[in-house]
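Modelling step: build the complete structure from the supplied sequences, incorporating the hints.
From first to last, the protein sequence lines stand for chains H and X.
Counting from 1, position 79 in the first sequence corresponds to residue 96 in our numbering; the numbering is continuous, with no gaps.
Counting from 1, position 121 in the second sequence corresponds to residue 184 in our numbering; the numbering is continuous, with no gaps.
None of these hints come from the bench; they were simulated from the model.
The beta-carbon is built from N, C-alpha and C at its ideal position, and this holds for glycine as well.
No false leads were slipped in.
To give an idea of the chain X side of the interface with chain H (calculated C-beta under 7 Å), a few residues:
(1) G203
(2) L211
(3) T214
(4) Q217
(5) V222
(6) P225
(7) M226
(8) I302
(9) Y305
A few chain X positions that, by computed beta-carbon distances, are all more than 10 Å from chain H:
(10) Y67
(11) F74
(12) Q76
(13) N138
(14) L147
(15) L232
(16) S237
(17) I285
(18) N286
(19) M293
(20) H298
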Amino acid sequence: MISIRNVSKWYGSFRVLTGCSTEVRKGEVVVVCGPSGSGKSTLIKCVNALEPFQEGEILVDGVSVGDTKTDLPKLRARVGMVFQHFELFPHMTVAQNLTLAQVKVLGRSPQAALEKGVKLLERVGLLAHRDKYPGQLSGGQQQRVAIARALSMDPIAMLFDEPTSALDPEMINEVLDVMVELAEEGMTMMVVTHEMGFARKVADRVIFMDGGTIVEDAHKDAFFAAPQSDRARLFLSKILHH
Amino acid sequence: MGGYHWNWGVFFQQVPSGGATYLDWFVQGVEWTLLVSAAGWAIALALGALLGVLRTVPSRALRGFAAAYVELFRNIPLLVQLFLWYFVVPELLPKALGDAIKGSPPLAQQFVAATLCLGLFTAARVCEQVRAGIESIARGQRAAGLALGLTLPQTYRFVLLPMAFRIILPPLTSEALNIIKNSSVVSTIGLIELSRQAQQLVDYSAQPYEAFIAVTIAYLVINAVVMYAMRWLEHRTRIPGYLVAAK
Ligand SMILES: Nc1ncnc2c1ncn2[C@@H]1O[C@H](COP(=O)(O)OP(=O)(O)O)[C@@H](O)[C@H]1O
Ligand SMILES: [Mg+2]
Numbered sequence: 018m019i020s021i022r023n024v025s026k027w028y029g030s031f032r033v034l035t036g037c038s039t040e041v042r043k044g045e046v047v048v049v050c051g052p053s054g055s056g057k058s059t060l061i062k063c064v065n066a067l068e069p070f071q072e073g074e075i076l077v078d079g080v081s082v083g084d085t086k087t088d089l090p091k092l093r094a095r096v097g098m099v100f101q102h103f104e105l106f107p108h109m110t111v112a113q114n115l116t117l118a119q120v121k122v123l124g125r126s127p128q129a130a131l132e133k134g135v136k137l138l139e140r141v142g143l144l145a146h147r148d149k150y151p152g153q154l155s156g157g158q159q160q161r162v163a164i165a166r167a168l169s170m171d172p173i174a175m176l177f178d179e180p181t182s183a184l185d186p187e188m189i190n191e192v193l194d195v196m197v198e199l200a201e202e203g204m205t206m207m208v209v210t211h212e213m214g215f216a217r218k219v220a221d222r223v224i225f226m227d228g229g230t231i232v233e234d235a236h237k238d239a240f241f242a243a244p245q246s247d248r249a250r251l252f253l254s255k256i257l258h259h
Numbered sequence: 064m065g066g067y068h069w070n071w072g073v074f075f076q077q078v079p080s081g082g083a084t085y086l087d088w089f090v091q092g093v094e095w096t097l098l099v100s101a102a103g104w105a106i107a108l109a110l111g112a113l114l115g116v117l118r119t120v121p122s123r124a125l126r127g128f129a130a131a132y133v134e135l136f137r138n139i140p141l142l143v144q145l146f147l148w149y150f151v152v153p154e155l156l157p158k159a160l161g162d163a164i165k166g167s168p169p170l171a172q173q174f175v176a177a178t179l180c181l182g183l184f185t186a187a188r189v190c191e192q193v194r195a196g197i198e199s200i201a202r203g204q205r206a207a208g209l210a211l212g213l214t215l216p217q218t219y220r221f222v223l224l225p226m227a228f229r230i231i232l233p234p235l236t237s238e239a240l241n242i243i244k245n246s247s248v249v250s251t252i253g254l255i256e257l258s259r260q261a262q263q264l265v266d267y268s269a270q271p272y273e274a275f276i277a278v279t280i281a282y283l284v285i286n287a288v289v290m291y292a293m294r295w296l297e298h299r300t301r302i303p304g305y306l307v308a309a310k
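What follows is the structure, encoded as structure tokens:
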């Protein structure tokens with residue numbers, strides 16, 4: 018579903034990504050972890066072309082992301098993305114956040130879009146808040162709306178960039194629960210997170226990044242049992258024992 | 064104030080040339096100030112919004128163009144710009160067009176030059192406000208819009224601009240007040256707006272205090288109305304919960 022082949026990226030002369038390669042198959046959940054600044058966000062932003070890259074190739078469902086002929090809005094509409102800081106549109110109600118792109122991008126009727134939105138709000142347990150503005154919701158609620166907004170486009174895959182790191186501890190689980198459910202339903206997911214409980218529970222593979230390279234890319238069990246590199250071992254021991 | 068003879072009735076007296084009262088003159092001054100300011104503001108807002116967007120787009124050429132506009136119009140004194148529009152530009156245009164302009168009624172020439180000048184000058188200032196407003200939210204919101212499949216223009220139209228304009232309403236209010244104050248320069252090309260009318264009232268009526276008091280009050284009232292209207296707009300477009308949630 019998502020093929021990342023030998024991707025390198027520079028910010029000016031600074032090399033952020035070096036020869037990254039991995040594969041996320043249909044229905045697979047891949048967790049990406051690694052120290053801050055290791056290039057995790059940059060890598061998943063390359064997947065839906067929010068960041069350009071200079072070398073290598075990324076294919077999403079067979080479509081080349083880097084190809085200048087690719088219709089990027091169309092490609093992005095098929096890949097859901099959830100951000101660390103939610104990024105709901107503050108001037109729109111929850112319902113409007115959920116319907117805007119359905120109507121403007123997919124061409125659904127406002128009626129059909131709202132029906133879809135209502136269903137998804139029900140699913141994330143926020144139907145009662147449909148007419149509120151994002152600023153009137155807690156962080157956990159906002160992130161669940163953001164997930165529902167991404168799902169409203171019927172994506173073929175979902176990207177998450179540290180979806181729980183901006184949340185107060187007591188709200189982390191309500192968001193993780195939605196993500197676990199999504200994973201169990203077979204959604205293809207690429208998740209940047211340090212929530213190792215989530216990784217243990219639903220991930221198929223874990224990718225460990227450091228200094229812009231993919232240092233480790235292993236089956237979940239293998240990764241947690243015995244990380245191959247010292248860097249991954251050190252990282253794991255740090256985040257598991259704090 | 065010993066010997067001063069107050070006479071507010073002066074406003075109902077005929078002006079020396081006849082056919083109008085001093086009050087008519089005063090009202091005309093108010094009208095020209097409002098007309099020039101409002102028309103200039105319309106240009107400034109439309110062009111400023113467009114330029115502000117261009118300042119933040121990915122294309123380096125478009126960003127550079129908008130930046131050059133701002134530098135040019137911000138750094139030439141307003142008075143000089145006015146003279147350029149009124150005296151120089153008609154000479155630079157193709158002869159037929161230039162002659163047509165010079166042959167049109169003087170008042171029309173003055174009004175067009177004054178409006179263009181104030182509008183294009185203020186657009187540079189509005190542009191910088193719009194740019195700042197967009198930049199304050201663009202980092203995450205642009206990505207969120209694009210990630211949903213919106214095109215870049217759609218992202219500006221539905222996501223970035225509605226928030227940016229709400230954020231910059233207070234500084235836009237100052238710019239609106241500025242354009243009213245700046246409109247007094249158009250008297251230098253002969254358009255008799257409010258400040259010039261004050262001078263004229265003093266010269267002809269011999270009642271300087273009444274004239275200046277009336278004109279001052281007129282400016283204060285105009286400013287108050289603008290401020291009140293902008294407050295109302297701020298209130299109308301306020302987003303429930305937004306200030307509380309602002310980071
Ligand atoms: N727009 C940018 N310009 C220059 N450097 C950047 C930019 N964005 C990120 N970086 C740098 O790239 C590196 C990787 O960043 P990022 O992908 O955000 O890391 P992570 O998500 O793993 O914390 C960091 O060193 C960061 O400072
Ligand atoms: Mg990151």
